[in-house]
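**Q** Spelled out, the chains give:
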Amino acid sequence: MTRFRRQFTFGSLALIAASVAALWLNGKFNALPDYAFLTGWALLAGMFVLTIYNVRKKLPFLPLGKSETWLQIHIFLGFFTTLLFLIHLNFRLPHGWFEIALAWLFVLVSGSGFVGLFFSRILPRRLATRGGEVIFEKIPALRHVLKAEAETLSLGTDAKSPVIAEFYTKRLAPFFSGPKNSWLHFVESRRPVSALLAELEDLRRFATDDERQRIERLAAIVRQKDGLDYHRALQLALKLWLFVHIPLTYGLLIFTALHIVLVFGFSGGAR
Amino acid sequence: MSEQLPSPDFDAHNYARPNQNWICGHACEGNACRQGPDAKGRCRATAECKPVQKTKPGETKGRWHCTRPGGECESGPLPDGSCCRPIAKCSPVPTLRVWRGRATLAVIAASCAVLLLLLGNPPWRNNFISPGIVSDSHSGATFAARAETNHLNQNCGACHVAGDSGPNPMIHAALHADPGILDLKKLANAKPAEPTAIDESCLKCHAGRNFHQTDAPPISCSFCHAEHQGRMMAATTDASCNFCHGDAAKMAHNSVGDEVTSLKSKQSQSLLTSAPTKSEIHHFADDHPQFRFITEKLRDPDTLKFNHTLHLTGPTIPNLPGGEKLDCMFCHQPDAAGAFMKPVAFEKNCRVCHSLQFDPETPQLMLPHGNVDFVSAYLRSLPKQYLNLAATENLADANGFVEKKLAGLRSQFGTGEDLERRVFFSTATFGPEAQIGTLSGATRSLFPGCAYCHEIKTAASGLPQITKPVMPERWLVKAKFSHAKHLNIACAQCHDAVHSKDTADILLPAKETCAACHSPHGGVANTCAECHTYHQPQFVAK
Chain B
261 MTRFRRQFTF
271 GSLALIAASV
281 AALWLNGKFN
291 ALPDYAFLTG
301 WALLAGMFVL
311 TIYNVRKKLP
321 FLPLGKSETW
331 LQIHIFLGFF
341 TTLLFLIHLN
351 FRLPHGWFEI
361 ALAWLFVLVS
371 GSGFVGLFFS
381 RILPRRLATR
391 GGEVIFEKIP
401 ALRHVLKAEA
411 ETLSLGTDAK
421 SPVIAEFYTK
431 RLAPFFSGPK
441 NSWLHFVESR
451 RPVSALLAEL
461 EDLRRFATDD
471 ERQRIERLAA
481 IVRQKDGLDY
491 HRALQLALKL
501 WLFVHIPLTY
511 GLLIFTALHI
521 VLVFGFSGGA
531 R
Chain F
4 MSEQLPSPDF
14 DAHNYARPNQ
24 NWICGHACEG
34 NACRQGPDAK
44 GRCRATAECK
54 PVQKTKPGET
64 KGRWHCTRPG
74 GECESGPLPD
84 GSCCRPIAKC
94 SPVPTLRVWR
104 GRATLAVIAA
114 SCAVLLLLLG
124 NPPWRNNFIS
134 PGIVSDSHSG
144 ATFAARAETN
154 HLNQNCGACH
164 VAGDSGPNPM
174 IHAALHADPG
184 ILDLKKLANA
194 KPAEPTAIDE
204 SCLKCHAGRN
214 FHQTDAPPIS
224 CSFCHAEHQG
234 RMMAATTDAS
244 CNFCHGDAAK
254 MAHNSVGDEV
264 TSLKSKQSQS
274 LLTSAPTKSE
284 IHHFADDHPQ
294 FRFITEKLRD
304 PDTLKFNHTL
314 HLTGPTIPNL
324 PGGEKLDCMF
334 CHQPDAAGAF
344 MKPVAFEKNC
354 RVCHSLQFDP
364 ETPQLMLPHG
374 NVDFVSAYLR
384 SLPKQYLNLA
394 ATENLADANG
404 FVEKKLAGLR
414 SQFGTGEDLE
424 RRVFFSTATF
434 GPEAQIGTLS
444 GATRSLFPGC
454 AYCHEIKTAA
464 SGLPQITKPV
474 MPERWLVKAK
484 FSHAKHLNIA
494 CAQCHDAVHS
504 KDTADILLPA
514 KETCAACHSP
524 HGGVANTCAE
534 CHTYHQPQFV
544 AK
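Protein chains in written order, with this note's numbering: chain B, 261 to 531; chain F, 4 to 545.
Rather than coming from a laboratory, the hints here were simulated on the basis of the structure.
Possibly wrong hints are sitting among the right ones.
[Said to hold, decoys possible] Pair by pair, the computed Cβ-Cβ distance ranges are:
1. F:108 with B:329: 23 to 31 Å
2. F:112 with B:477: 45 to 53 Å
3. B:382 with F:108: 27 to 35 Å
4. B:408 with F:76: 23 to 31 Å
5. B:329 with F:256: 53 to 61 Å
6. F:351 with B:357: 24 to 32 Å
The beta-carbon is built from N, C-alpha and C at its ideal position, and this holds for glycine as well.
Make a model of the complete structure from these sequences and hints.
**A** Encoded structure:
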C-alpha cells in the first residue's frame, strides 16, 4: 500500500467515524439550551486548524510536520467542518442579512476548497497526458520561442513563400500572440487547433517541397503551442481557485469574529 | 543531499524564481535577467558592467576599466566612470502570489469597510444584524406605541441591552455575557428552559408569567416563543410542552390531577377535563389520555329530561312551522364567533312545539315558563285570564264564556288545587294522547305537565320546586375548540345524538374521533397548542 493510499484510507475512516460520532452527538445533545454555542465553538476550532495550514506553508523553516500531512488534515477536516457547519445551522437555512452573508462566505470558502480538491485530483492526470512537465512561469518564454521560430519559418529572410507568409500573418500570428482557447482546453475541446491544422494541411497539398517542409514544421510548432496553452489553462485553474478560497477565508474570519460578538452580546445571558 | 541537487536540465541562467513576488519583465521573451527584480518589484538592471578605477603609479586621477563578463567592450567606460552599455530596464511583472495577496487584502478591506459602514448606521445596523424578521407583535406602530408607554426602546434595545448601541457597547455586552464567551463548562451545563436575563424584557410589557399550573417551574419565555422567525410569532411546538409532559420525572410531581378531582363535586365542567395527567404525553394521537368523561364513565348531571333520539328520528315529531324537519341546527345555533353553540332556550327552541297550552280547547292561553311562582299565580288567576280573552275576542257573553271554561276544567281536573298540582307534577298529557307531539294533530303538542321535562320537588312549604337545569356552555373547558372550523363535518360524525335517549349521555366525541383527523395520519394539525393554551387568560400585554 502506497503512502498516499494509506493516508487516504486512514483519513477516510477517520472522517467517517468523526461524522458518525458528530451526528450521534447531535441527536443526543441537540436539545441542550446552549447547544448552538457549543457547536459554534467546535466549528470555530475546525476553522482555526484549517486556516493555520496557510500559516504553516508560510513558515517552512519551523518543525511543524510535513506539509503533505497538513494538506491531508486540511482536506479531511474541511469535509468534517462542513458537517459541523450544517449541525451548527441545525440543518436549516440561515435568516437575516448578516447570518446569510456569513453562511454564504462559508459556502464559498468550503465550496472553492472542494473545487480545488477536485481540480488537484483530476487536472494533473490530464496534464500528464499532454506532454511533459512544463513550469507555469516558463510558459510565456517557451511560447515566445515557438513564436519566434514560426515567424522565422514564415517571414524570415530565407522564407520565400508568399502563401505561407500570408497564412502566418492572417491565421498564425493571432494564434501565437498569446494564450488561446483556455476555456476550450479546460473542457478538452481541440476543435480550434484541429481547424488550424486542417488549414495547414490544405496549404500543404499545393505547396512545393520546401514549402511542405516549412508547413510541416509550422504544424509541429502549432501543436506545441497548443500544448502549452493546454498546460497554461489547466495549471491556471489549479491556481485560480485559491483566489476564491484564501481571500474569502479572511473575510469569513472577520465575519465570524463579529458573529461571536453578536451572539454573546445579544444572547439571553447578556440580554 | 542528492535530493537537493539541481536536476540535469536545470538552467541556472533561466532560473524562474517562481516563489518570488516579482518576475523580470523580459521573462516572457525568454530573456530574464539573472538578477531579477527586487522585493518591491523594481528592476535592478543597470549596465553590462560596473567599471573600476585603477590608478597607476604616478597618475593622480586614474582610469576606469571595463569589467564586463566575457571581455571588455570596445568603447569602455564613460569618463564619469559609468558603463557605456546600459541595460534597458524592464517592467517587472507581479506573480500570481502577489495578485492573490492583493485579492486577500481587498477582501479584508472590503469586509471591514462593509461591516463598519453597516454597523455605524443604527437603522442599517439593526436590519443587518437581525437574525430574522421580528414578529408584528414586537415591531411596527402598535409595538412602538406600547414601548413608549412602558418607556422602552422601540428597536432592538427593547429586548437587548446591546441592541441599540454601537460596536463598543456590543463588545462590552459580549464580554460580560453570562455564560461568558469562553465559559464552555457553563454553556454545556446550562439547564433547558431556564429563564435568562432577556426574560426581564418580556416582563416589562407582559404582566408576569401566568402558567397553566401554579406550581409549574419557571420557564424562559423564549423557550416556547421564538422571535425573529417571521411576521407571525412561531407557533409553539410540542417540544415545548413535552419539556414537562414528556418527562416522567416531572409529571410524577404533577398535582393537576388531584386539583381537578377536588373540583369534581363543584362544577360539572371540571368533571369533563382530560384525565389527570401524571403520565407522559408526547403527541395527541399517540399517548394523550382518553377524555375523562369516557374513562370515568361520567354522566351529564343535568336534570332536564331530553331524548335526542326521539326528537331526531321519532315518527311522532311534527315538522316545524315552515315545514322543515327538526334537525340539530334548529336548537344548536352557533354564537357570533361561530366557535361555540348558544345555550338552548325554551322560548326560542322549545316553545315552537311545546307551547305550554294547558286547555285543549283554548290554545290562546299558555302557561308562562321559567318561574314557579308566575305559573302558580297564572293558574290562580284563570277566571281573569278567560275574561281577558273574552274581551279580546269581543265575545257577547263574557261571563258565560268564563263559567263554561272553568266548568270544563273542573270536570277534567277537579279543583283549582288539583289542576295546579297536575300542572307541576304530572307527566301525563293533557287532552287527547294523540295530540302530544304527533303529526296527526293540527296544533302543536299540548302541555303535559312541568314534570314531563323538569325534575320537580316539593319544598318544605309544600310548594313545587323545579330543579334548575344546568346546561354548560362549554364542556372540555381546558381545551380550545371552534365549531366554525368543523362545518364541513356532519354533527352526527362527532356527536352521537341519534342514539341518545337519556339526558345523562354526554354527547362529546372520544379522543379517537378527534384523532381520526387530528393526527399525522389524518393530516390535520395535531399539536398540543392546537387545543390547549399554556397561559392563563389574564396573561396579556400591559
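**Q** Can the suggested window of 27 to 35 Å be confirmed for the beta-carbon pair residue 382 of chain B and residue 108 of chain F?
**A** About 31 Å separates the Cβ atoms of residue 382 of chain B and residue 108 of chain F, which means 27 to 35 Å holds.
**Q** Do the beta carbons of residue 408 of chain B and residue 76 of chain F sit within 23 to 31 Å of each other?
**A** holds, 26 Å
**Q** That 53 to 61 Å hint for residue 329 of chain B and residue 256 of chain F (C-beta), does it hold up?
**A** At roughly 56 Å between Cβ atoms, residue 256 of chain F and residue 329 of chain B fall inside 53 to 61 Å, so the hint holds.
**Q** So does residue 112 of chain F sit 45 to 53 Å from residue 477 of chain B, Cβ to Cβ?
**A** Given range 45 to 53 Å: holds, Cβ gap about 52 Å.
**Q** Falls inside 24 to 32 Å, the C-beta gap from residue 351 of chain F to residue 357 of chain B?
**A** violated, 59 Å
**Q** Does the beta carbon distance between residue 108 of chain F and residue 329 of chain B stay inside 23 to 31 Å, or does it fall outside?
**A** At 29 Å between Cβs, range holds.
In this structure, the one hint that does not hold is number 6.
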